[in-house]
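K.L.:
These are the residues of each chain, in order.
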Amino acid sequence: MSLSTPIFLWEELVPAGHHWSGLIRRGTVLRLTDIDGGANVSTLFFNPEDKLERYNMADSLKAQHTAFLTTGHVCYSDMGRIFCSILRDDAGWNDTFCGLSDSAQVQAHYGEANFGQVRNQMYRNGQDSLLIELGKYGLGLRDLVPNINFFSKVSCDDNGKLSHHPTHSSAGSVIDLRFEMNSLVMLSTAPHPLNQASEYSPKPVLLSAYRADAVADNDVCRTQCAQNTRGFILTERYYAI
Amino acid sequence: MSQFSLENAVLNEVCPSGESWMGKVKRGQIFRILDLEGNQAVDTLFYNADDASERYSASDTIRRQQQLYLEKGSALYSNLGQVMLRIIDDTCGRHDTLGGACAAESNCVRYSIDKRHMHSCRDNFMHAIAHHPYSLELGLSKRDITSNINFFMNVPVSANGDLHFADGISGAGKYVDLQAEMDIVVLISNCPQLNNPCNAYNPTPIRLLVWDAV
Numbered sequence: 000m001s002l003s004t005p006i007f008l009w010e011e012l013v014p015a016g017h018h019w020s021g022l023i024r025r026g027t028v029l030r031l032t033d034i035d036g037g038a039n040v041s042t043l044f045f046n047p048e049d050k051l052e053r054y055n056m057a058d059s060l061k062a063q064h065t066a067f068l069t070t071g072h073v074c075y076s077d078m079g080r081i082f083c084s085i086l087r088d089d090a091g092w093n094d095t096f097c098g099l100s101d102s103a104q105v106q107a108h109y110g111e112a113n114f115g116q117v118r119n120q121m122y123r124n125g126q127d128s129l130l131i132e133l134g135k136y137g138l139g140l141r142d143l144v145p146n147i148n149f150f151s152k153v154s155c156d157d158n159g160k161l162s163h164h165p166t167h168s169s170a171g172s173v174i175d176l177r178f179e180m181n182s183l184v185m186l187s188t189a190p191h192p193l194n195q196a197s198e199y200s201p202k203p204v205l206l207s208a209y210r211a212d213a214v215a216d217n218d219v220c221r222t223q224c225a226q227n228t229r230g231f232i233l234t235e236r237y238y239a240i
Numbered sequence: 000m001s002q003f004s005l006e007n008a009v010l011n012e013v014c015p016s017g018e019s020w021m022g023k024v025k026r027g028q029i030f031r032i033l034d035l036e037g038n039q040a041v042d043t044l045f046y047n048a049d050d051a052s053e054r055y056s057a058s059d060t061i062r063r064q065q066q067l068y069l070e071k072g073s074a075l076y077s078n079l080g081q082v083m084l085r086i087i088d089d090t091c092g093r094h095d096t097l098g099g100a101c102a103a104e105s106n107c108v109r110y111s112i113d114k115r116h117m118h119s120c121r122d123n124f125m126h127a128i129a130h131h132p133y134s135l136e137l138g139l140s141k142r143d144i145t146s147n148i149n150f151f152m153n154v155p156v157s158a159n160g161d162l163h164f165a166d167g168i169s170g171a172g173k174y175v176d177l178q179a180e181m182d183i184v185v186l187i188s189n190c191p192q193l194n195n196p197c198n199a200y201n202p203t204p205i206r207l208l209v210w211d212a213v
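Which chain is which? The protein sequence lines are A and B, in order. If you count the first sequence from 1, position 188 lands on 187 in numbering that gives the first Met the number 0, and the numbers rise without skipping. If you count the second sequence from 1, position 185 lands on 184 in numbering that gives the first Met the number 0, and the numbers rise without skipping.
Among the hints, a few may not be true.
[What the hints assert, rightly or not] When the alpha-carbon atoms are kept at most 30 Å apart in a straight line, the in silico DSS-like pairs for lysine-lysine are as follows:
1) B:Lys114 x B:Lys71
2) B:Lys141 x A:Lys50
3) B:Lys71 x A:Lys135
4) A:Lys160 x B:Lys71
[To be verified] A few chain A positions that, by computed beta-carbon distances, are all more than 12 Å from chain B:
5) Arg25
6) Ile34
7) Gln63
8) Met78
9) Asp94
10) Gly98
11) Arg118
12) Ser154
13) Pro165
14) Leu206
15) Ala225
16) Arg229
17) Gly230
[Said to hold, decoys possible] Examples of chain B residues toward chain A, derived with CB under 10 Å:
18) Ser58
19) Gln64
20) Leu162
21) Leu193
22) Tyr200
By construction, these hints were calculated from the structure, which means they are not laboratory data. All C-beta atoms, glycine included, are put in the ideal place defined by N, C-alpha and C.
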């Protein structure tokens with residue numbers, strides 16, 4: 000990984016509580032920046048060449064013997080390949096088993112604020128936001144599987160009882176995702192579903208893209224475990240000419 | 000309880016080791032999965048029998064109860080936030096819903112690329128959805144295969160987020176009883192995994208039973 004400041008190909012702000020999707024190509028790093036602290040980015044990945052291939056929470060966790068994702072981990076598809084590698088994660092924990100907020104939960108917790116009342120400050124939720132983005136590619140409810148909640152930490156005790164850590168990510172925290180596959184990226188900046196804040200208070204996230212260096216033999220994600228080394232080999236075979 | 004005898008069951012079938020199984024459980028009925036010989040992981044998905052786009056959701060089940068493991072008293076939620084079934088009895092003690100199903104492709108990653116040709120739970124799911132009349136009625140496809148429950152499987156997570164596949168805590172004759180809160184189609188892979196201890200390296204048959212509500 001280059002130590003110099005990357006040259007950004009583009010930047011785009013995703014305002015608090017909004018949603019975004021796009022095609023990120025193999026060899027590109029997508030940087031997520033938590034501008035204010037306390038952000039949540041609910042995210043799913045799909046293969047644009049075969050949209051049945053999608054992010055798989057269980058395969059990502061069991062291959063890497065972890066219940067969360069951070070630097071050195073990769074995000075596996077259900078086809079034994081790697082959508083992206085986590086090169087940098089300043090906050091150090093990303094939840095992938097809690098899923099999304101939905102309209103009933105947001106309304107019950109925060110009340111109602113619709114477009115007619117507050118225009119684009121309306122209360123959005125993770126499930127409806129991702130369904131809007133999925134629909135743009137012919138996908139829908141059946142394609143909505145357990146997602147990643149970047150910048151959000153949810154741990155458990157010995158009995159499996161969950162705890163959400165609301166101050167986990169501080170202002171300026173960065174996550175760098177190096178894409179190993181061409182990927183449709185769907186994301187929502189609605190609050191984490193276990194966020195207990197009394198006010199609806201989503202946070203904005205800055206997206207920045209830059210060109211990745213070639214994956215070195217001693218790459219932190221490739222060498223994280225033998226499973227990841229095989230994951231990289233299988234992903235490279237998919238793109239072999 | 001005497002009403003839960005084999006004679007009273009309205010469905011009583013054995014799923015051989017390493018095979019798939021589908022069945023229907025009506026609202027109010029009790030569905031039992033019985034581990035006949037012990038330490039057998041049972042990879043299970045549930046669908047709304049009227050519309051399979053409503054299905055079991057691991058993340059809803061975990062989030063809505065703020066609890067990672069399934070045990071007696073747990074509700075099993077759908078992706079639309081409805082309770083599909085509840086665990087009303089359980090002689091095993093803990094079941095997993097993080098570990099998902101084994102697949103030819105993930106076996107390549109986890110063990111060795113030459114393991115691709117070993118039988119797997121997803122291949123069982125694919126076989127069942129291609130052939131079983133309940134699948135054909137619902138129009139199931141790979142899109143509908145989501146994160147499942149592994150009954151009788153022990154996947155402890157520590158406070159620092161480590162996850163590992165522990166030896167099973169189930170034994171011969173252990174069972175879990177689920178009461179349906181909607182009409183359900185069940186899709187099971189009786190896990191054929193031979194590369195880790197989830198089946199004690201010896202996959203064995205299970206019995207599936209359904210009783211009418213009393």
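K.L.:
Hint by hint, say whether it matches the structure.
P.N.:
Status of each hint after checking the structure:
no.: 1; hint: B:Lys114 x B:Lys71; in the structure: violated, 36 Å
no.: 2; hint: B:Lys141 x A:Lys50; in the structure: holds, 11 Å
no.: 3; hint: B:Lys71 x A:Lys135; in the structure: violated, 41 Å
no.: 4; hint: A:Lys160 x B:Lys71; in the structure: holds, 15 Å
no.: 5; hint: Arg25; in the structure: holds, 18 Å
no.: 6; hint: Ile34; in the structure: holds, 26 Å
no.: 7; hint: Gln63; in the structure: violated, 9 Å
no.: 8; hint: Met78; in the structure: violated, 5 Å
no.: 9; hint: Asp94; in the structure: violated, 10 Å
no.: 10; hint: Gly98; in the structure: violated, 3 Å
no.: 11; hint: Arg118; in the structure: holds, 28 Å
no.: 12; hint: Ser154; in the structure: violated, 6 Å
no.: 13; hint: Pro165; in the structure: holds, 14 Å
no.: 14; hint: Leu206; in the structure: holds, 24 Å
no.: 15; hint: Ala225; in the structure: violated, 9 Å
no.: 16; hint: Arg229; in the structure: violated, 5 Å
no.: 17; hint: Gly230; in the structure: violated, 5 Å
no.: 18; hint: Ser58; in the structure: holds, 3 Å
no.: 19; hint: Gln64; in the structure: holds, 9 Å
no.: 20; hint: Leu162; in the structure: holds, 4 Å
no.: 21; hint: Leu193; in the structure: violated, 16 Å
no.: 22; hint: Tyr200; in the structure: violated, 17 Å
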